[in-house]
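Order-wise, the sequence lines are chains R and P. Mapped onto our numbering, the consecutive letters of the first sequence carry residue numbers 1 to 153. Mapped onto our numbering, the consecutive letters of the second sequence carry residue numbers 1001 to 1642.
Fair warning: there could be bad hints in the mix.
[Unchecked claim] Derived SDA-like pairs: lysine to any residue, alpha-carbon spacing no greater than 25 Å straight-line: (1) K1531(P) to F23(R); (2) K1024(P) to I1084(P); (3) K1516(P) to D85(R); (4) K1508(P) to P1582(P); (5) K1531(P) to G1543(P); (6) K107(R) to N1390(P); (7) K1545(P) to T69(R); (8) K1545(P) to S87(R); (9) K107(R) to I1382(P); (10) K1531(P) to T69(R); (11) K1516(P) to F29(R); (12) K107(R) to L1372(P); (13) K1508(P) to K1418(P); (14) K1418(P) to L1438(P); (15) K27(R) to T1398(P); (16) K1381(P) to D85(R); (17) K68(R) to K1531(P); (18) K66(R) to K1418(P); (19) K82(R) to E1380(P); (20) K27(R) to L1365(P).
Note that these hints are calculated values from the structure, not bench results.
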Amino acid sequence: MKKRTLRIYYVVFILISLSIIFFLFIKTFNENLLFYRSPSQITAGEFPKDYIFRVGGVVLDGTLIKSKTSTNVKFSITDYEKTIDISYNGILPDLFREGQGVVIRGKLGTDGIFYAEEVLAKHDETYMPPEVLDSLKMKEKTIEDTTKSMNIY
Amino acid sequence: MISYIGSFIILIALLNASLLVLSKPILSKITSDYDSLILSTSKLQFPLVLIAFICLIVAFVNDDFSLKYISSNSNSALPFFYKISATWAGHEGSMLLWCLILSFWTFMASMYSKSLDTQFRLKFLSIMGFLNLGFLLFLVFTSNPFEKNISIPIDGKDLNPLLQDFGLIIHPPMLYMGYVGLSVVFSFAVTCLLQHDFKKEWAKWIRPWALMSWSFLTLGIALGSWWAYYELGWGGWWFWDPVENASFMPWLITTALIHSLITCEQKSMFKNWTILLSIMAFSLSLLGTFLVRSGILISVHSFANDPARGAFILLFLTIVVGGSLLIYFKNSPKIKDNISFDFFSRESFFLINNILLVTATFTILLGTMYPLLLDLLGLEKISVGVPYYNAVFLPIMTPLALLAGYIPILFLSKRKDKKYMLNHLLASLLVVIFLSLLSIAFFDNFNLNVLLGVFIFIWISFNIIYDLINRYYLSKTKNIFFTNIGMTLAHLGLAVFILGATIVENNKVEKEIVVKIGETIEIKNYAFKFKSISEYDGPNYLGVKAKFLVYENNNLITELYPEKRIYASNNNMPMTEAGIDPGLSRDLYITLGSLINDDVWSVRIYHKPFIRLIWLGALMMVFGGVLSVLSKRKSKPVALSG
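Given only the sequences and the hints, what does the whole structure look like? Please build it.
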């Protein structure tokens, strides 16, 4: 083979592999984005269907039901407009309390219940997760002294 | 009283740093001896900041709650050692620590730079002085640890319980030594640009500094990972958390840098590229500081949201990164590079190493910054999940790890003919494949990922150890045996790390279950009996302690005591303390969940095979890096102590 044809093959090969890599990269990136939604948005149907996403709000007082025999828990979160029921099987974070802001990762079931894979709560009762804070439009509330108990932040 | 001394000394240090930055024409009016002024002020900076730092420690030990920083980060009931470590546990104090370490590196750079040309040396120290000045201004105007309370509280708010821990005492100083050590490399690169030259001897001079920073960064990151593992109660060792990414990106770039510096030193190649890497490494550590300190990212590392701090660091970041990049684009064409090289040469493999490392860095940068940008623009609130990093990062790192196993010995061996090397490659490949397949017998849960991990481990260690033995017998003086021992150890560390990480991620067993007192849970050949639970009083908390008996093949091997603690002085903040039985081949890990019913608790019980290899591997890398610096220093005394 002539040196020039060899070089052309070489360049074409590199270009093709680069574009495949780029395509795969963008695909992976898009598939692994987690969107955040508030209870109001979910009620209005604005959420990625069949995908895992995150929802945030305040745990509604008096809604936490713990199973007596397993790690199953049920509770509701609210943005003071709409409410979403959450179902979770696992150990809640140390700082999970009623009246506290939480962010939850999971999937919305066809029954309208959000099935959580991970529940994130933050230290200190004065603290709200920023997403929750935004959707509650309570920006004047000060954020203080937060702690890493979770992986997302 | 002591706090006034601290404040005052900080101001003196600020003045001292500004002397370093002032240009020659101005300073020449004050003093006739510009050179020695620069040299002495660059050395004076360290003792000054050290005195201020000691003042803050003394104030902490004396419970001086008239200081805002102390009253919000300490408490009279806090144990003595945590009072000392609380000095750098909050934002203000950790910035003072940053300034202290920066002044320490400036001091070292001033001490050991006699071998450099005087003009070069003075410019270099002035740039270090500029960085000192920037961070001291930041400290004084936005985060002064000596700021007074308007009214003095009776007692302090207490230190965040998560930070009341041995890991915290050493993690930040080590990480900062690494972050800030890169400022030496950065200042050096900018000076090269200003001087329009990057000589071989200079490359030789700067490499030990890059290696030291790299070793400290490795140690700091490993300590952080270890701390998160036992303190957060999740049993994970890496979360792809933006704060972790912020420290990992400079590490990757510094890894690329210590490889490209070899080429600079030996072949006068990749000079401009190396300078760019140096700028990138320090810029990424500044970016990390910005992300962590501005409160954009919420984590244990961001203490308070203060827009002024974010704005200041952003401004400083713009000046440093923007300025250095401008100089780079203007001056780098003037630095002559030797660019012709063979495809089948050490240089081209170093280039591949660099491309892979930089690509990996950019994929992490995208995952970290893209959600922040979208949020700042008010478009969408998203986060990038762990699967993204696993899917993108691992394919980039696999070829890199494969290269790490063969390239060093390929070019260290004395016989350079291609036929010999090809035969050697095939022979070792056969041995390694055979050994990897043999290892299948030892795993109860074996999949392709584990096979790949084991293969890479055996591939790197087999080749490197074979080469070590080979060199030992071939070398007459035994000198060659020792010169590359650091490199050998660091690459073995990488192999050990990869082995641990793949096995633990693929073969771990994690159970979240409900247990009644007296019940037994079984995992693999271990049985965990929930014996009892009791309450007790800690120094500054109330604790609940469970007792688990652990049996291996029905023999009692140990007792584990996972705890729950309530810190009354800290808004009744609850904390989980894991009960861990560490071992080289596995960790057994128990944390308490919550009280379900009478004597029924939810618990997490983990079996983590070979997780210790992750930190063992990192430690080997650290020692490898330090050994490299020491052996270079010994063999070529001119290079460092000049």
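Results of checking the hints against the structure:
1. Taken as a hint, the K1531(P) and F23(R) pair is broken in the structure, with Cα atoms around 55 Å apart against an allowance of 25 Å.
2. For a cut-off of 25 Å, the pair hint linking K1024(P) to I1084(P) is broken: about 41 Å separates their Cα positions.
3. Our distance criterion of 25 Å between C-alpha atoms is broken by K1516(P) and D85(R), whose separation comes to about 29 Å.
4. Of the supplied pair hints, the one linking K1508(P) and P1582(P) holds, its CA atoms being roughly 14 Å apart against a limit of 25 Å.
5. This hinted pair checks out: K1531(P) and G1543(P) have alpha carbons roughly 17 Å apart, not beyond 25 Å.
6. Note on K107(R) and N1390(P): the hinted pairing holds, with a Cα-Cα distance of about 21 Å set against a maximum of 25 Å.
7. Among the hinted pairs, K1545(P) with T69(R) is consistent with the structure: their alpha-carbon atoms are about 21 Å apart, no more than 25 Å.
8. The straight-line distance between the Cα atoms of K1545(P) and S87(R) is roughly 29 Å, outside the 25 Å bound, and the hint therefore fails.
9. Restraint check for K107(R) and I1382(P): satisfied, since their Cα atoms lie roughly 15 Å apart, inside the 25 Å limit.
10. For the hint linking K1531(P) to T69(R), the alpha-carbon distance of about 19 Å falls within 25 Å, and the restraint holds.
11. A C-alpha spacing of about 44 Å is found between K1516(P) and F29(R), which places the hinted pair above 25 Å, so the restraint is violated.
12. A hinted pair counts as satisfied when its Cα atoms are at most 25 Å apart, and K107(R) with L1372(P) qualifies at roughly 23 Å.
13. Between K1508(P) and K1418(P), the direct Cα distance comes to roughly 43 Å. Violation of the 25 Å bound is thereby established for this hinted pair.
14. The suggested pairing of K1418(P) with L1438(P) is violated, with an alpha-carbon distance near 30 Å, which exceeds 25 Å.
15. Between K27(R) and T1398(P) the CA atoms are separated by roughly 20 Å; this keeps the pair inside 25 Å, and the hint holds.
16. A distance of roughly 21 Å separates the Cα atoms of K1381(P) and D85(R); the hinted pair therefore holds under the 25 Å criterion.
17. Under the criterion of a C-alpha separation no larger than 25 Å, the hint pairing K68(R) with K1531(P) is consistent with the structure, at around 20 Å.
18. Only pairs whose Cα atoms come within 25 Å are accepted, and K66(R) paired with K1418(P) is rejected, the gap being roughly 69 Å.
19. Pair hint K82(R) plus E1380(P) holds up; C-alpha atoms about 20 Å apart against a cutoff of 25 Å.
20. Note on K27(R) and L1365(P): the hinted pairing holds, with a Cα-Cα distance of about 17 Å set against a maximum of 25 Å.
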